[in-house]
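Numbering (numbering that gives the first Met the number 0), first residue to last: 0 to 369.
Treat the hints loosely; a few may be bogus.
Okay, derived cross-link-like pairs now, SDA-like style, lysine to any residue, Cα gap no bigger than 20 Å in a straight line [what the hints assert, rightly or not]: (1) Lys249 x Gly216; (2) Lys204 x Arg329; (3) Lys210 x Ser225; (4) Lys249 x Ser239; (5) Lys296 x Glu51; (6) Lys34 x Arg112; (7) Lys34 x Arg90; (8) Lys111 x Ile178; (9) Lys49 x Thr362.
Hints were generated in silico from the structure; no laboratory data involved.
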Amino acid sequence: MAETGKAAIWLGYGKPFEIREYPVPDPEPGAAVIKVALANVCGSDLHYWKGEQDYEKMGRPLPLNTGHEHMGTIHKLGAGVTTDSTGQSLREGDRVVYRYFNPCGRCKACLKRNFMSCPIRQANFLVSCEQWPHFQGGYGQYFYLRPNHAIFKLPDEITDEMAAGVNCAFTQVYAGLEIGELRAGDTVVIQGAGGLGVYACAVAKEMGAAKVIVIDGVDERLELASQFGADEFVDLREYSTPAARIERVKALADNWGGEIVMELVGNPNVVDEGLRMTAPEGTYLEIGNINVGWEAKFDPSWIIFGNRRIQGVAHYEAEHLKGALDLMVRTRTKYPYHKILSHKFPLDQINDAFTQQVEGHITRAAIVPN
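Hey, can you work out the whole structure from these sequences and the hints?
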């Protein structure tokens, strides 16, 4: 009888995840099957849970095997896969982190080596989990890594709990700050101290930021951001209006603003104030607003007369994943990476994990499938 595994299946807004069992696929040549060790509940996952992002309207067939911020061990290797992306040997049981999406390598974006902009890079979420290879998201016991994947063997110094966030959140802000061309001595302003915002503090400091200013209103988040290198804070409870926050940020940033301002809240209502915190010639990094159809209102003249830029950042290149992993290895004793993940839940308690995270009872949950 074929080997089987369990997965938590998303059936649509207002419906709980359902546990189903599927046959574990045999990998094609160049592919691999991962046994998932941890799958974090990322902030973007909460959008579809809350009904802010409608997968059906986006054309994604239900049911879906979702989840994207995860890591695991090699379960099976397809023919021809003997090393990771750096040439280190790979074998069953090795702990690995990998790019959770898969550029096609043949479209116009890929031919220009802009793999993170491949229009079908998330094709694994365009196929129902009822179809082979079934395990196409992280909320399950297995994950199918398609041919020509970017995969990196994990050093022993990086725990599973540290590694799970590398796959998405950590590398996402690493890519954003590199694409945004952070320079030594810059001031970085971070809107939102969730998982991405906390990681961004450390990445910004390690890339040479002279000052990191964090905007949030939750004590636990502000405290964690301070442990990850934040220098100054704008507490939403004290500065309760956009005008007050803008004035405070400018006062903390030499009456100039941030050379880089990062939107990591995921709400379009913060865009205008974020732009007004951005220094002349500065860059507004838009990372959080992934909800299709939401609209932001702002004055375009503010961009023009200040020669400011808006840079959208979705996904990352394979070299960003490697760079982020290397940075974590180098700074593993400097920052408390283990604190990002606050709670673990078994696979059959995934609905409870989502509910508690949405209600703010926990900082960041992880699903343990096995």
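Numbers of the earlier hints that this structure fails to satisfy, in rising order: Hint 6 alone not satisfied by this model.
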